[in-house]
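Undergrad: Chains as they are written, first to last, in my numbering: chain A, 1 to 279; chain B, 280 to 582; chain C, 583 to 930.
Since the hints were made in silico from the structure, they are not lab data. A portion of the hints provided could be inaccurate.
A few chain B positions that, by computed beta-carbon distances, are all more than 10 Å from chain C [unchecked claim]:
(1) Trp307
(2) Leu327
(3) Phe431
(4) Lys442
(5) Arg478
(6) Arg495
Okay, the calculated beta carbon distance ranges per label pair [as the list claims (entries may be wrong)]:
(7) Asn174/A to Phe380/B: 28 to 36 Å
(8) Gly105/A to Leu475/B: 31 to 39 Å
(9) Phe15/A to Lys425/B: 32 to 40 Å
(10) Pro12/A to Leu475/B: 56 to 64 Å
(11) Val318/B to Pro655/C: 23 to 31 Å
(12) Asn592/C to Gly105/A: 52 to 60 Å
These figures come from a predicted structure and were not determined experimentally. Heads up, the beta-carbon is just placed ideally off N, CA and C, and yes, glycines get one too.
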Amino acid sequence: MPEAAIRRSAEPFLFRTLAIAFTVFIVGYILVPILVTLVMSFNDAAMIRFPITVWSLRWYADFFGSAQWTDALRNSIVIAAGTAVISTSAGILCAWAFQRFPIPGRDALYVLIMLPLFMPGVVLGLGVAIAFGGLSIGGYSFYGSRAMVMLAHSLWAMPLVFMLMEATFRTVDNRIVEASYDLGGGPVRTFFEIVLPMVSTGIVSSLLFAFVISLNEFVMALFLTDRDTQTLPVLMWLSLRSAGTPRLAVASVILALTVFACLSLIMLWYIRQLRKVSQ
Amino acid sequence: MTAVASESEATFAAQRQAELRRRALAPWILMLPALLIVVIFFGLPMLLMARMSFNLHIDQRLYVPGFTFEHYVNLFSNPLFTNAIWTTVQLSVLASLATVFIGYVFAMLVWLKPPRWRLLMIGLALCPLLISEIAIIFGWWMFFPKNGLLSFALLSSGLISDKISLMYTEFAAFIGLIYVTLPFCFFILLSIFDGLDKRLLEASADLGASPVTTFREVLLPLTWTGILVAFSQSFIWTIGTYATPSALGPDTLWTMGFLIQEQMLGKHNWPMASAFAAVLVIGVACVMAITRSMQSKRTAFHA
Amino acid sequence: MVAPALELRNVVRRFGSVVAVNDVSLSVARGEFLTLLGPSGSGKTSTLRLIGGFEDLNSGAILIDGQRIDHLPAYQRDTATIFQSGALFPHKTVAENVAYGLRMRKVAPPDMERRIAEALDVVRLRGFEQRYPAQLSGGQKQRVALARSLAVRPAILLFDEPLSALDLSLRLQLRAEIKRLHDELRFTAIYVTHDQGEAMAMSSRVAVMNSGRIEQVDAPEKIFHAPASEFVYTFIGESCCLPVEVGPSGVADKSGALLPLHLGQSQPTGKSRLYVRPSRFRLAAEAAALPNRLRARVHFIEFLGDVYRYHLKAGALELAADHPGAIGVKAGEEIDVGWRNEDMSVFR
């Protein structure tokens with residue numbers, strides 16, 4: 001009996017200690033590669049070596065001075081923006097069809113649309129490369145073009161947008177849509193003037209998700225880009241294979257900053273939106 | 280009079296037909312862009328890839344049209360390839376188990392902790408999702424080697440006396456893989472935990488159950504579906520990835536993803552790469568189907 | 583001959599195997615205020631949605647001003663609906679909400695300004711133009727919805743239980759307001775409700791619906807005083823049902839025991855159900871001169887404010903009779919209860 005009592009009083013202490021230990025572990029685990037990169041980007045030396053002795057912005061200057069790297073960054077942003085637009089518009093329209101209309105073969109179509117999301121990037125990249133490897137339309141080589149990569153990235157981004165928007169559309173009060181029809185608003189006008197403004201938060205989140213997925217993706221891009229359309233992650237991957245320098249750390253930081261810049265913009269927009277409704 | 284009536288009746292019927300046709304067509308027009316993307320850039324490539332896997336590979340050309348099972352036979356007889364399949368499956372299962380375990384504890388802690396911690400923890404879990412896999416790989420690439428942060432930290436704290444390197448080990452690959460799949464598991468499991476009533480724990484404790492018993496008898500059965508989904512998600516992700524294990528792991532760590540890439544871009548053997556990819560796709564599909572059936576069996580049991 | 587503002591001809595609407603609207607025919611004159619009254623699931627809302635164009639009918643025809651419109655989508659029909667929730671566009675101001683229908687009808691801007699102002703005047707919401715729906719109370723939202731529908735001057739106004747989400751005092755207030763608007767503007771309206779008080783107070787005619795069919799269409803007074811069916815009788819107002827069997831030796835209850843009941847008019851032999859409203863019973867001395875009389879025992883007495891309600895039993899019969907004051911009988915004592923012939927309805 002006293003043994004059991006001791007065990008009982010020891011238990012909460014044990015669990016608390018374990019919980020704290022685990023929290024320290026998980027915070028460290030998640031932050032280590034991020035912080036290492038951030039710190040290394042301010043290193044002055046050409047070698048990756050700890051401890052860092054001299055700090056400078058030398059590698060930032062190097063990054064922005066190199067046409068190869070800034071071109072890659074520009075390619076990345078253009079492709080990500082294109083993917084965001086393509087997959088968000090296609091995904092929203094498709095989700096609206098699912099919400100609004102009875103569709104024959106609904107479940108099968110759902111699976112078909114979601115399936116690419118579960119496919120490894122290496123398989124999708126290979127498949128698209130095989131299918132469109134030699135394709136050129138009117139002298140314009142489709143293979144290696146940015147449009148090709150945008151569409152390939154949409155295979156991941158679009159199902160995600162579709163899933164998100166399907167859930168969002170379910171929150172829309174059907175009577176408001178009917179009220180618009182009732183007052184003489186046709187389906188197209190109702191969709192753009194009534195439905196879309198009501199789900200603006202979902203749309204903005206979709207754009208962000210699609211943008212981030214495309215910006216960070218590099219396996220498909222590796223298969224589908226050439227020297228001129230190379231994205232930043234692809235260039236990083238290729239140069240990591242040859243030699244790692246603090247320039248890679250700078251590229252990582254800039255890639256992450258792009259994502260967080262978009263995120264902050266959207267946060268600002270969202271807060272403004274909240275204020276508008278609640279005033 | 281009747282003629283006029285029947286004529287107007289006929290135009291009316293025509294108008295009605297047109298309206299019904301228009302309404303039946305509308306969803307297809309809306310779905311068209313999405314379906315075009317999926318069919319042209321996913322369906323068609325998958326079919327061509329399946330066809331490609333039966334083509335011949337001779338004279339170092341990308342491929343030669345033909346029909347042979349050679350690549351599939353090769354895939355399951357050549358020890359190089361069978362080892363790769365085996366390694367990949369092993370690595371994926373182990374990494375997924377570890378991810379689910381860490382993700383489960385993480386999600387449970389966030390669920391149990393007061394709300395003010397919650398947002399911070401969720402933000403933390405979002406980091407690996409928002410940062411490119413390549414940046415994370417590079418982060419570990421600076422952490423594990425001889426001159427890396429880990430070695431430096433251990434050395435300066437006096438725990439070791441000589442520089443160590445964990446780079447290019449299976450351990451490093453393992454750590455890298457878990458990192459990338461952790462947020463998926465975490466969010467899946469957190470959503471399951473959020474669906475539970477915390478008073479369940481109090482009720483169980485009230486009835487005299489120890490925390491361990493409560494976990495085994497209450498929490499685990501209620502979150503089992505989430506564990507299953509998280510595991511299969513993480514398995515699907517790890518089995519197809521190649522960047523992290525090939526960059527952090529030893530040169531001998533050949534995964535399926537790596538071999539596909541190698542055959543495609545290095546050896547220029549498209550049929551072999553396709554056969555490999557086809558096997559991978561079938562594997563992923565099987566895991567999805569198995570998870571689904573286990574899930575529905577469970578829900579049927581609960582209902 | 584002027585075509586009716588709205589006409590339904592043998593309209594049928596099925597959901598799977600359920601017939602929601604079963605062969606409904608109805609004709610509504612211009613300026614009429616017709617209420618579809620019925621319990622939930624009686625098909626009244628489905629009927630309204632068929633008229634508005636939100637559902638497809640399986641057979642039959644719907645005509646507005648003599649023109650068939652059942653093939654037209656909702657946005658091409660000259661109807662405007664006031665929904666239960668108001669269904670205001672949350673991202674548009676009050677003025678923008680009202681303007682929406684006018685813009686769809688391509689009303690010229692100066693004209694539009696005037697009509698928005700008029701519509702908001704009518705529902706007494708001038709000065710609220712720039713507010714968003716989230717900044718309005720429930721009653722105000724419903725008035726904006728009303729203004730939005732009135733502004734487009736539709737051939738038919740459709741009301742889909744517009745007051746059921748509001749609390750009682752607001753409901754009564756808006757009910758009076760809709761009535762006033764109808765008296766002023768003489769619009770044609772179809773009003774769906776399950777609240778008989780609303781139906782009686784506002785309508786020129788009431789259509790009582792039950793399991794997809796219209797049981798009776800009549801003026802509210804007719805519906806109340808001359809119900810066409812047992813369903814209408816029991817659905818409208820309170821009623822007491824006396825199930826009896828008329829035999830050669832007298833009137834018996836369902837167990838066969840003879841009742842101390844005297845009927846003024848002889849009834850055919852066999853089973854029938856006699857219905858009387860509690861307010862129409864007379865008690866004790868007042869019952870003596872009436873043609874229908876029953877000797878009953880007081881079961882218990884409730885005080886309802888305006889009246890006392892006497893719950894009475896006679897054999898297997900149970901009835902409730904209202905009386906404006908206490909009459910000095912206690913539970914367990916016997917009392918006479920009587921009623922006039924015209925206050926009784928007999929169904930078999």
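Undergrad: Now tell me, hint by hint, if it's right for this structure.
TA: Hint by hint, here is what the structure shows:
no.: 1; hint: Trp307; in the structure: holds (18 Å)
no.: 2; hint: Leu327; in the structure: holds (42 Å)
no.: 3; hint: Phe431; in the structure: holds (56 Å)
no.: 4; hint: Lys442; in the structure: holds (62 Å)
no.: 5; hint: Arg478; in the structure: holds (32 Å)
no.: 6; hint: Arg495; in the structure: holds (46 Å)
no.: 7; hint: Asn174/A to Phe380/B: 28 to 36 Å; in the structure: violated (43 Å)
no.: 8; hint: Gly105/A to Leu475/B: 31 to 39 Å; in the structure: holds (36 Å)
no.: 9; hint: Phe15/A to Lys425/B: 32 to 40 Å; in the structure: holds (39 Å)
no.: 10; hint: Pro12/A to Leu475/B: 56 to 64 Å; in the structure: violated (21 Å)
no.: 11; hint: Val318/B to Pro655/C: 23 to 31 Å; in the structure: holds (30 Å)
no.: 12; hint: Asn592/C to Gly105/A: 52 to 60 Å; in the structure: violated (34 Å)
Going down the numbered hints, you'll see the structure goes against 7, 10 and 12, while the others check out.
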